[in-house]
Amino acid sequence: MAPTPSIFAPVSTPAFAIRELSFLVLGITGVIFVIVAGFAVYTLVRFRSRGRAGDARREPPQIYGSTQIEIAWTVVPLLVVVVLFLVTARYIYGLERREVPAGALEVTVVGNQWWWEIRYPGLGIVTANELHVPVSDPSRPTPTFLTLQSADVVHSFWVPQLAGKMDVIPNKTNRMWIDPRTPGTYVGQCAEYCGTQHAWMLLLVVVHPRDEFDRWVAAQHAPAREDPAVRAGYQLFLSLSCINCHTVRGTPANGVFGPDLTHLMSRRTIAAGAASNTPETLRAWVDEPASIKPGALMPPMKLSSDELNQLTAYLLTLR
Amino acid sequence: MGHEWRGRAGMIGLIVAEGSLFAVFVVAYLFYIGKSLNGPYPKDVLQIPVVGTICLLASSATVALGARALVRANVRRSGLWLLVTAVLGAIFLAGTAREWYHLIYRDGVTIGTNLFGTTFYPLVGLHASHVIIGLVMLGLCCAFAATGVLRAAHAERVEMVSWYWHFVDGVWVVVLTVVYLIGR
Amino acid sequence: MNVHSPTLVTAEATTSHTWLEHAHEWVVTVDHKRLGIMYVVFGLVFFVIVGLEASLMRLQLAWPGLHIVPPETFNRLFTMHGTSMVFLVGIPIVFGFGNYLVPLMIGARDLAFPRLNAFGFWIFLFAGLLLHFSFLGGEGLYGSGSAPAVGWFAYAPLTSRAFTPGNATDYWNLSVFLAGVGTIGTAINIVATTLTMRGPGMTLGRMPIFVWTMLTVSAMTLFILPPLSAAQIMLLLDRFLGAHFFDTQAGGSAVMWQHFFWFFGHPEVYVLMVPGFGFVSEIVPVFSRKVIFGYATLVAATVAIGGVSLGTWAHHMFAVGMGSTLNTFFTLSTMLIAVPTGMKIFNWLATMYGGRIRFRTPMLFCCAFLFQFLCAGLTGIMLSVAPFDWQLTDSYFVVAHFYFVLIGGLFFATFGAIYYWFPKVTGRMLSERLGRWHCWLFVIGFNLTFLTMHVQGMLGMPRRIYTYPADRGWEVWNLVTTLGVPLQIAAILIFVVNVVVSLRRGEPAGDDPWDAWTLEWATTSPPPSYNFEAIPVVASRRPLWDLKHPDDPDGPHE
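Residue numbers (my numbering), protein chains in the order written: chain C, 1 to 319; chain F, 1001 to 1184; chain A, 2001 to 2558.
By construction, these hints were calculated from the structure, which means they are not laboratory data.
Just some of the chain A residues that point at chain C, by a computed CB distance under 10 Å: (1) Glu2072; (2) Ala2162; (3) Ser2288; (4) Ala2301; (5) Leu2336; (6) Met2343; (7) Leu2370; (8) Ser2384; (9) Ala2386; (10) Ile2465; (11) His2549.
Ideal Cβ placement from N, Cα and C applies to all residues, glycine included.
Working from the sequences, and respecting the hints, build out all of it.
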């Protein structure tokens, strides 16, 4: 179970920095609220009409303005703005102009309707919807730098505990970085409306201790398992249009429109988080994606029950 | 404020709004300069429309003369100058039509060909459509002059038509600069 | 002095009483008062429709995994809700009040261009009907496509043919375009009227603050609405003629749509909000029995907001990746605009301070407005801090922020304005008792829904999702948010009852039921079609104060 993705529960430097800055902002705005709202309450109570007879005739003294007061309440807020702005500018540049240190992990994230393609160009790994990264020790940081691209419309990559969001825009490449300091699982999702199933374009970020990450990399790097017991399903897979959209490394399937399935069963969910990854949901998904995620771009495969069982059995071997 | 300022404020408001409309098409044109993924490119196919430009800019002078003539109650002269204005505008439009015909049929540049086509036709076309609206208004004024309906009392209204026409000419100066000078 | 058109039918001359003749009068009218009433009435009708859409959405989101509406329907609901709220509710109500009040407040008999005024109203109504017709279109009916589902800001390239087949997006595009045309016409009208048709003695420096707000937002409209129209023309060309303005596959830019849209979109929300400030600036002095404090700085702040708002738009795009320089610039401009905006709260508080505050319904709504708008402004400052915005943008925090601005701010001020000017428009008072119920129910319901909403945003819930996973810790907050809805519905129902009953049986108002000071209270309730028997000559900002206090007129103090 992942924790609630609160922006106030950071585990990575950008999110820590933003929280730090937010304390200043919340402090300033909190003070302003207390002063102004307090003054308002005082005024409303103190100067309410008591309804005494003759009140209707006597108007209170008419004060048209006060140059000094008006200057004061212009200048003081301006000063607050100047201070807030200067502090903010430092954070903007500090967070956005980070240089890539040696040893940083490079990941390319490609937003699709409605799933995430995750590529590790230096490691030869392609997966989907789950981003696995090594934990970063603050004393010797090993951040992960993300290159964000879109295959279709505008999406937004948001995992609140790791960093602020960054949009994923076609014909534009964006960059962001994270350096999670605590192993664990952190959730996020697409944050820019991208069509019918925007709601189910979830993100799972798994932060591993270093050795565990290396093991994950090795496992992902391996080509797909071959299991003679599911030969029928494997043949079925190759003969159907599955291979037009999906890649299973080590087999002839090398489609790129859909998620890479080489290690499908290593992931905890399917359909970008719309369902957990179990034999039942997998079977239902292959049979009729709209039963789990109406509007999903994967067409129903229109298979008989036996064919479905065989195909599912094959997919279940892709660990 | 004098009575005529009601109409003038209205026309200035319209000009501000229309200017804002054109500005966005100009920004899009400027932004996409050099970004077409394929040709034909502006420098290959565009020629500065000298004749049309001279006609259009001259027409600003003639429309001013027409408006001034009406102030002096010279309806016939006013109508003639307005007619000349309309003719000059029509010559400009004919030039644009000819240019587009060549672009489409000879050079193969349509709105869908590349980013140049996408930004060129709407910008020049938006301007041309405003010229057409101006021609309609000028035509009405000429017709009113010819049938004797137009009087000196209408001078302020014709003045507003002339302001609109000056605006359209001003836009052309910008379009000329952006498309035929900078963009090529 | 301008002469009203002989085709105007005066209230006194009306002896026709058949339903059809009555309706005909209203259909052909060019009287700014009638058009103003129609704008506000239809704005409120669309408000009810929009409220139903919102209620459905909140029902769907009350708990994770509900199936109240299918995903695509939900997406249509929030698109229609947002689009309608801005173009069919907010703008018509704001310009409707402007229509009605501006000539009366400056001592004119109508707007500068009455027929253009009528044209603006009917094109707005047509646009609203066109947009809502899309619900009926459906997939099957002539294949014309159903209601748009692209969000009210319709980002490219989601709006392209490739990603949104059918004509749903075109309903959005065309109806908003038409509504925009009408608004531009009305804006030209208001600018020309305030600049050239003020009555004798009514200098610019003596106009009521509300008129200044209408002048400012009308001028802003001339600059900002055409860019939206231009972008929509580009979208139309992309969708129908194969242009590539926003076609990323052909090298086009999706971000350019965002720049064009928000160049319009941000000032637009000020166009919506600033007349609300105008309402408050008229109501608070009257119910505090004191002149507005700092008229000149209020006006200067209003104009400053109008100008600076043109330079803040990309704070909606902090997460787009514009680069540090632009992010920093727009942080600065957005923070700067908080200064004139916040100052106004001080002006209002200083007006109330030392006064004798009467808590009649208009003032109750203004008091709620003060606290809620303060919240809205402060969350706005939070959002102006770009790194903080990187977390908060596109989440329910932003949604909470703009609801605090537009409902907590603009709508509360508008309800105050309705209770305040209803007597002038109809000649009858609205019920104080029902008004109090309306106000309190709405305050509680509104805050239950939207104060809570800030929490969901901070817990990572993005916007525009039709449901959410059960393990994110969002359920309780969503449930509380939804629980505020029935209270708000009850409040609006009470309001509707109040209006219907008071139209028939409200206490007769007389010319000046609130003992106010601006020119609209110097004529009958309702005013005759020609507004004033004789156009009043004014010598200060509060002509009626001068009449009621001949010993201490305003003039020398100003």
